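Colleague: What follows is the residue order along each chain.
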Amino acid sequence: MLKELTDERREALQEMINIGFGRSMASLAELLGVYIELSVPDICAVEGDQIFDLLLTSLGVPEDVSLVRQTFRGQFFGEAVLALSGRAGRELVVMLGEDSGFHPSLEMSQLEMEALLEVGNVVIGACLGQFADLLETNLSFNPPVVLMENIHSHQAREVLSARPGQALMIRTQFRVDQRAVTGFLLIFLPLECLAWVYRAVDHFVEQVLS
Amino acid sequence: MPAILIVDDSPISRKILRKVLPPGNYDIREGSSGQECLEKYAESRPDLVFLDLTMPGMDGFQTLELLKRQDPSAKVIVVTADVQSGSRTRVMDLGAVGVIAKPPSTEAIAAALKLV
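Protein chains in written order, with my numbering: chain A, 136 to 345; chain B, 72 to 187.
Here chain B stands alone, though its shape is the one from the complex:
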C-alpha cells in the first residue's frame, strides 16, 4: 500500500487532496507545517509527499530543501497556489518531481501518483 504524506497548513486543502486522490488503498498521513513534515517523513518514509509552499514559519521551499538533505531520494510533489514560473523553477531545482496548481484536479493527482 503506497504511503502518502500530505503537508499543508490549511485543513481544507488537506481534505481536498484526500478527496481528489483516485480510488485505491493508500496509507495517508498529514502534517500542518514544515517541521511536522520533516518529523513525519523521518518516522514513516512515505513513498510520496504532497507539499504546500506558502506556510507560516518554515515555508515549503525550506521544507523541501531540508527534506532532500534528509533523504535525497524523497519524492515530493508541490501543490501550491503560487503559480509563478519562478517558484516552479525554484522547487524543481530543489528536487521536487512535480508541481500542481491549487485547487488540484483528480487528473493532476492521478498523474502524480504514477510516480509512486
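Looking at chain A on its own, in the form it has when it is part of the complex:
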C-alpha cells in the first residue's frame, strides 16, 4: 500500500496537510497571542518501532518532552502526536495568561497539563478537521492523552512505540517566535486506511484540476 504513494498523491497530501497545518497554527497563534514560524510538511513510511527514535531525532534528543497524543476515526483513522521539546507546558501556561480560565488552585503540573490539552486540542483538531474537510469526510476524536516525562522514560517510550506495523507518517515543524517552544505535529495513518485516503486524495486532485 505504501508503494501506491505516487508522487502526485504525495504532493497532494503534503499540500492538504499544509493547508490544515496553516489553519491550526493560525488558531494557535491567536490563542497564545504569538507569531509562529511554520515549515513544509514531509511524508515518509515508518515502522511502528521506529517512531520513538524518529521523535528523538526530530526534537534534538531533549531530556524532557511534552506530548499530546490523540487518536481519530472515521472513513480514515490513525493518531496524531503533538510533541513539544522540554517542559513547554510551563511556557504555554505563561502565554495563555491569567485570563485563560484555569482554576487558581491548580498546581503547576496540572496547569501545564491543562495548557497542553488546550493547545493539543486546537492544533490537532484544526489541522485534521481541515484535512478531513478537503477529503470530504468527518472525523471523531478520542480524548487526548498528555504526557510530560523524561524522553527516555519507560512511559514515554510506551506511548510513542505502541503501534504495530507500518504507517504513513506526516511530520510538520513549528517554532513559536521569541519563545523557547518548538514542536512537531506527527500524523500516523496505518496501512489499513490508506486505500481510502488515496481514493479521496485522487478525488480531490480530480476536482481541483479538472
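Just so you know, the hints here were simulated from the structure itself, not pulled from any lab data. Remember, predicted model here, so these are calculated numbers, not experimental data. Each residue gets a CB set at the ideal place from its N, CA and C atoms; glycine is no exception. Do not rely on the hints blindly, as some may be mistaken.
What follows is a set of in silico ranges between Cβ atoms, one per label pair, in the way DEER data are often shown [unchecked claim]:
no. : chain 1 : residue 1 : chain 2 : residue 2 : range
1   : A       : E293      : B       : A181      : 35 to 41 Å
2   : B       : G128      : A       : D142      : 37 to 43 Å
3   : A       : R292      : B       : D164      : 43 to 49 Å
4   : B       : D164      : A       : E293      : 30 to 36 Å
5   : A       : D188      : B       : R116      : 45 to 51 Å
Position chain B against the provided structure of chain A, taking the given hints into account.
Modeller: Frame of chain A, contents of chain B only:
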C-alpha cells in the same frame, strides 16, 4: 498578454493556481523556490507574481524582501496556507499587494488579476 510568475515548491499548488485563473490569455511561468523566483523575475519581469510563503530554503518572506529590493515596483500576491494575521501584516509591510489563503478560489484570483 499579462505575464504571470507562479512560485510554489508544491507542483500541485502551481497546477491549482493555473486551474483557477479566469479565462484569458496569460504568459505563465513557474518557479519552485525563492531562488528561482528571483532568477525568473529578472529574466522576464512579469506583471504579477503569485508567491507561496512556506518553502524549503529561502522562504516566501525572504524572497519577497529580495524581490522588492530587485524591483520596488514588483506586484506580488502571496498565496499561502499560513493564515496568521501576523504573516499577513509581515508580507504587506514587505510590499505585497495582497494575500490569498490556500486553496485559492477563482474569485480571489480574479480580484487579484485586476491589479495587473
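Colleague: Determine for every hint whether it applies to the structure shown.
Modeller: Going down the list of hints, with the structure as the test:
1. E293(A) to A181(B): 35 to 41 Å: violated, 53 Å
2. G128(B) to D142(A): 37 to 43 Å: Check failed, 20 Å falls outside 37 to 43 Å.
3. R292(A) to D164(B): 43 to 49 Å: holds, 45 Å
4. D164(B) to E293(A): 30 to 36 Å: With Cβ atoms ~47 Å apart, the hint is violated.
5. D188(A) to R116(B): 45 to 51 Å: With a Cβ separation near 49 Å, D188(A) and R116(B) satisfy 45 to 51 Å, so the hint holds.
Against the hints set out earlier in the document, violations occur for numbers 1, 2, 4.
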